[in-house]
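*Asks:* For reference, the chains in residue letters:
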Amino acid sequence: MLDKKVIEDVLYAALSRGGDFAEIFLEDKYNANMRMVGGILENNISGKDYGVGIRILDKYNSIYAYTNDSSKENLIKVAKEAAQALNQGQVDVRLNLMKSNTTNYNPIKTFPSSISKKEKVDLLRRGYEAAKNYDDVISQVTVGYLEEEQNVLIANTDGLLVQDSRVRTRYSVQSVATKGNEMQVGYNAPGASMGYEFYDTIDVKDIANEASRIAKVAVNADHCPSGLMPVIIDNEFGGVLFHEACGHALEAEFVSKDTSAFANKLGQVVASPVVTAIDDGTMPNGWGTSNVDDEGTPTQRNVLIENGVLKSYLVDKLNGRRMNTSSTGSGRRQSYKFAPTSRMNNTYIDAGDSALDEMISNTEYGLYAKKLGGGSVDPATGDFNFAVMEGYIVKDGKILKPVRGATLIGNGVKVLELIDMVGNNLELGQGMCGASSGSIPTNVGQPSIRVKSLTVGGRKGDE
Amino acid sequence: MDHREFLIKLINKGQEKMEDVEAFLVKQKQLEIEIYKGDIDKYSVAESGGLSLRGSSNGKMGYSYTEKIEDDSIDMLIDDALENSKYIEGSSDEVIFSGSESYEDINYYNESLNQVPTQDKINFVINLEKEAYALDDRVFAVNTCVYQEFEGERYIVNSKGIDLYDKSNGGVTYISVVVKEGEDTKTGFSYRMFSDFGSLNYKDIAKEAVDSATSMLGAKNIKSDNYPIIFENTTFASLLAAFTPVFSADNVQKGLSLLKGKIGEEIASPILSIVDDPFLKDGFASRNFDDEGTASTFNKIIDNGKLENLAYNWKTANKEGVSSTGHASRSYKGSISTSPTNLYVLNGDMEINELMSMADNGLYINDLAGLHSGLNSVSGDFSLSASGYEIVDGEKKRPVNQITIAGNLYELFKDIVAIGDDLKFGLPSAGYIGSPSILIKSLSVSGE
Chain A
1 MLDKKVIEDV LYAALSRGGD FAEIFLEDKY NANMRMVGGI LENNISGKDY GVGIRILDKY
61 NSIYAYTNDS SKENLIKVAK EAAQALNQGQ VDVRLNLMKS NTTNYNPIKT FPSSISKKEK
121 VDLLRRGYEA AKNYDDVISQ VTVGYLEEEQ NVLIANTDGL LVQDSRVRTR YSVQSVATKG
181 NEMQVGYNAP GASMGYEFYD TIDVKDIANE ASRIAKVAVN ADHCPSGLMP VIIDNEFGGV
241 LFHEACGHAL EAEFVSKDTS AFANKLGQVV ASPVVTAIDD GTMPNGWGTS NVDDEGTPTQ
301 RNVLIENGVL KSYLVDKLNG RRMNTSSTGS GRRQSYKFAP TSRMNNTYID AGDSALDEMI
361 SNTEYGLYAK KLGGGSVDPA TGDFNFAVME GYIVKDGKIL KPVRGATLIG NGVKVLELID
421 MVGNNLELGQ GMCGASSGSI PTNVGQPSIR VKSLTVGGRK GDE
Chain B
1001 MDHREFLIKL INKGQEKMED VEAFLVKQKQ LEIEIYKGDI DKYSVAESGG LSLRGSSNGK
1061 MGYSYTEKIE DDSIDMLIDD ALENSKYIEG SSDEVIFSGS ESYEDINYYN ESLNQVPTQD
1121 KINFVINLEK EAYALDDRVF AVNTCVYQEF EGERYIVNSK GIDLYDKSNG GVTYISVVVK
1181 EGEDTKTGFS YRMFSDFGSL NYKDIAKEAV DSATSMLGAK NIKSDNYPII FENTTFASLL
1241 AAFTPVFSAD NVQKGLSLLK GKIGEEIASP ILSIVDDPFL KDGFASRNFD DEGTASTFNK
1301 IIDNGKLENL AYNWKTANKE GVSSTGHASR SYKGSISTSP TNLYVLNGDM EINELMSMAD
1361 NGLYINDLAG LHSGLNSVSG DFSLSASGYE IVDGEKKRPV NQITIAGNLY ELFKDIVAIG
1421 DDLKFGLPSA GYIGSPSILI KSLSVSGE
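Top to bottom, those sequences are chains A and B. Everything in the first sequence is counted per this note's numbering, starting at 1 for the first residue and increasing by one. Everything in the second sequence is counted per this note's numbering, starting at 1001 for the first residue and increasing by one.
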């Protein structure tokens, strides 16, 4: 992608006025998007993202510059401009870039670009028809198709030179159910670090039916009651609870500056003993998997919490310096336009031994949150919120009726101690996680869990 | 490289294979300085851009884009747009526009920003952080302290005769502080958008962030019930910003907004008026033409409670046989959509303490979280994590957090009781959205 000699010259230029580390990140990414609305293919766009990010570290300080122009002259110019932020002399480094090999966790069978657009349009139409024909209440369906192939080259003054290719595929269905003046939405969007063979592992009709099922449940549901109550959160995308409530606060970006609710707690009990949580960047073909992170460090499986005890943070190179610890392969970024920082890959609460039925039958009154939407957190306080896309009231150990429009709020430090049952049905769900280094694909996951008490925000009083 | 010449070459070549062709190019420059404990923690400079090509073949519009703006990319752009157009269905409504009769000639570029020495900007943001630490012993950390400048250039050139260019710039500075008292941790935030560096006062900005954090210390939730709610100006602006898709003609036509067939009808309290003003002085979404090259126009969206108009681009306008309102927007990676410019609620005449007297006993909300997930612009339903203060006998009292407020946008519009006189804009996202503080009759609050 770039000549070794050019890379070396750019890295030398980056250290022309001081600094102890320089890095180059070249990205060449092909994206194709299609969107079918109401059975009509409305959008069909493809294109190329292309650019180079140059980073200089000087102890704890970081300088970042990026450009679309990868000619040698321009890269050296950009590197020298970035170096202007420092005012020491040329650093004496002798580079001997050695290309490293990586383990391939994401084998690709069929590159999506090798499949005709016509076949992809047919794939969208199959999903559209299934979702639309699911029920008469379904008034609108939007189906999306995404493929991307991101090729990156990362080199730094530690002698690293590595290339990685990330192929990702995703299919999304949004169904709208209408009843009188009520409109409700159901959404389902599986994805993987796979090629077109992803569609051998899923049936788009199932994906579509599920989106329409959620919309139909919601449009027939009553408003959710409000107040503190036990909440059973189902598996798969329910893992967004851990992602928001704890995952972000375990990122070194906050821990290294002491602005995380989990800072200085390694080795301490931070969760109920039934909780073990893992971030695994090596999960084969996982939505958040890559062979190396965006700093070129091989990804790894990090046990974050083991039986309630805090074992590890998520660490990138820069924040690792402040914490005096090495990278956990967690330095990620959306693109060359972002300096990397500590982020999650595939993060989940590990399986326990309770059954979902058991959780429901042991709950006198509470909420069963079957599908969650997105959420957010303030990592400093740990206060989080997320939306319930599909929920049911549980009464006397049985599911009573569907409810809609609920939001769950709480505090990450407290909620981990309030998890009293962990299920045996671990599943992962796919999301896009937004933070300071941009929007990146991550898996969230968990088995069904029960939280003893959580604030449920709905529109009705207790019933 | 002369971008305009490059685009003309691309258009000419594109016309050999397609009927009408349009190139849209943006160039962006950015400067970002982040301070941590008195030092420059992050310093970032960037120049980047992207080019979108759209072209029609057999009346169907195909798109392609690249960030590699060089001669080698021309053939790929044209071939991909042509190939992509083949599969488009039922989109003959999307046509390339031939230009408006006249355009305003307002300058949105402030030369003075470039003339301020970088060291002054660095000193400013170092002082901002220092001031926050100095203001209160309870300030435990300043977790973000940033100075940012942006500059954008935009070119639209097409085969129907449009050849437009503009340039704009601005800056934003923001600070987030963490305060601690015993085990109690709270965060506070403040920001300023600016086009004139001289208008910035770091003392005010730091104080606002520290006050907003310390005033939340000791916050607790409140009994679940229905309460009268005052939304602080920028808090209502952020709620309105999340709901702006409901005013998009595209969403209305696709059955994704409940405003279908509502033009001319009363959808809100008669005291509510919302306008979209692309010529607003110091508006960070101001522009003389939109992303299809249509001249911008001032639009009333809601006039004394009545829905007056929606946001149209040419594709959605042609579907209804009307004209574009100049709201086309696009990123070079996407197709044409619509977005607001400077959209805001017109000031009422109540001062904030009059609003509190009217609320009598209720809640003053100055922060909402989960706006990207806890609301549904299709149904208008929302349930959001909130914080603020209790209002007792018309006065602002103890801080409240860990609550949610829930309701529905269309009911909320009708339940507006009074509007303040303190119009303020939030941080720009899709549009630059502003509002005065607003009193709502009642919303459902979940807490204790």
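Some clues are possibly wrong.
[What the hints assert, rightly or not] Taking lysine-lysine and the BS3-like style, the derived pairs with C-alpha atoms no more than 25 Å apart in a straight line are:
#, chain 1, residue 1, chain 2, residue 2
1, B, Lys1223, A, Lys414
2, B, Lys1167, A, Lys59
3, B, Lys1121, A, Lys77
4, A, Lys414, B, Lys1180
5, A, Lys4, A, Lys109
6, B, Lys1017, A, Lys117
7, B, Lys1167, B, Lys1333
8, B, Lys1220, A, Lys460
9, B, Lys1130, A, Lys59
10, B, Lys1220, A, Lys48
11, B, Lys1262, A, Lys179
12, A, Lys59, B, Lys1121
13, B, Lys1042, A, Lys59
14, B, Lys1121, A, Lys29
15, A, Lys48, B, Lys1333
16, A, Lys4, A, Lys117
17, B, Lys1009, A, Lys48
18, A, Lys72, B, Lys1017
19, B, Lys1260, B, Lys1281
20, B, Lys1167, B, Lys1037
21, A, Lys452, B, Lys1220
22, A, Lys77, B, Lys1068
23, B, Lys1009, A, Lys80
24, B, Lys1027, A, Lys77
25, B, Lys1029, A, Lys72
26, A, Lys77, B, Lys1017
27, A, Lys265, A, Lys99
Rather than coming from a laboratory, the hints here were simulated on the basis of the structure.
*Asks:* A separate judgement is required for each hint: does it hold in the structure or not?
*Replies:* We went through each hint and held it up to the structure:
{"no.": "1", "hint": "Lys1223(B) - Lys414(A)", "in the structure": "20 Å, holds"}
{"no.": "2", "hint": "Lys1167(B) - Lys59(A)", "in the structure": "37 Å, violated"}
{"no.": "3", "hint": "Lys1121(B) - Lys77(A)", "in the structure": "23 Å, holds"}
{"no.": "4", "hint": "Lys414(A) - Lys1180(B)", "in the structure": "18 Å, holds"}
{"no.": "5", "hint": "Lys4(A) - Lys109(A)", "in the structure": "30 Å, violated"}
{"no.": "6", "hint": "Lys1017(B) - Lys117(A)", "in the structure": "19 Å, holds"}
{"no.": "7", "hint": "Lys1167(B) - Lys1333(B)", "in the structure": "20 Å, holds"}
{"no.": "8", "hint": "Lys1220(B) - Lys460(A)", "in the structure": "21 Å, holds"}
{"no.": "9", "hint": "Lys1130(B) - Lys59(A)", "in the structure": "21 Å, holds"}
{"no.": "10", "hint": "Lys1220(B) - Lys48(A)", "in the structure": "50 Å, violated"}
{"no.": "11", "hint": "Lys1262(B) - Lys179(A)", "in the structure": "18 Å, holds"}
{"no.": "12", "hint": "Lys59(A) - Lys1121(B)", "in the structure": "22 Å, holds"}
{"no.": "13", "hint": "Lys1042(B) - Lys59(A)", "in the structure": "12 Å, holds"}
{"no.": "14", "hint": "Lys1121(B) - Lys29(A)", "in the structure": "35 Å, violated"}
{"no.": "15", "hint": "Lys48(A) - Lys1333(B)", "in the structure": "9 Å, holds"}
{"no.": "16", "hint": "Lys4(A) - Lys117(A)", "in the structure": "37 Å, violated"}
{"no.": "17", "hint": "Lys1009(B) - Lys48(A)", "in the structure": "20 Å, holds"}
{"no.": "18", "hint": "Lys72(A) - Lys1017(B)", "in the structure": "34 Å, violated"}
{"no.": "19", "hint": "Lys1260(B) - Lys1281(B)", "in the structure": "32 Å, violated"}
{"no.": "20", "hint": "Lys1167(B) - Lys1037(B)", "in the structure": "35 Å, violated"}
{"no.": "21", "hint": "Lys452(A) - Lys1220(B)", "in the structure": "20 Å, holds"}
{"no.": "22", "hint": "Lys77(A) - Lys1068(B)", "in the structure": "18 Å, holds"}
{"no.": "23", "hint": "Lys1009(B) - Lys80(A)", "in the structure": "33 Å, violated"}
{"no.": "24", "hint": "Lys1027(B) - Lys77(A)", "in the structure": "18 Å, holds"}
{"no.": "25", "hint": "Lys1029(B) - Lys72(A)", "in the structure": "20 Å, holds"}
{"no.": "26", "hint": "Lys77(A) - Lys1017(B)", "in the structure": "38 Å, violated"}
{"no.": "27", "hint": "Lys265(A) - Lys99(A)", "in the structure": "38 Å, violated"}
In summary, the numbered hints that this structure violates are 2, 5, 10, 14, 16, 18, 19, 20, 23, 26 and 27.
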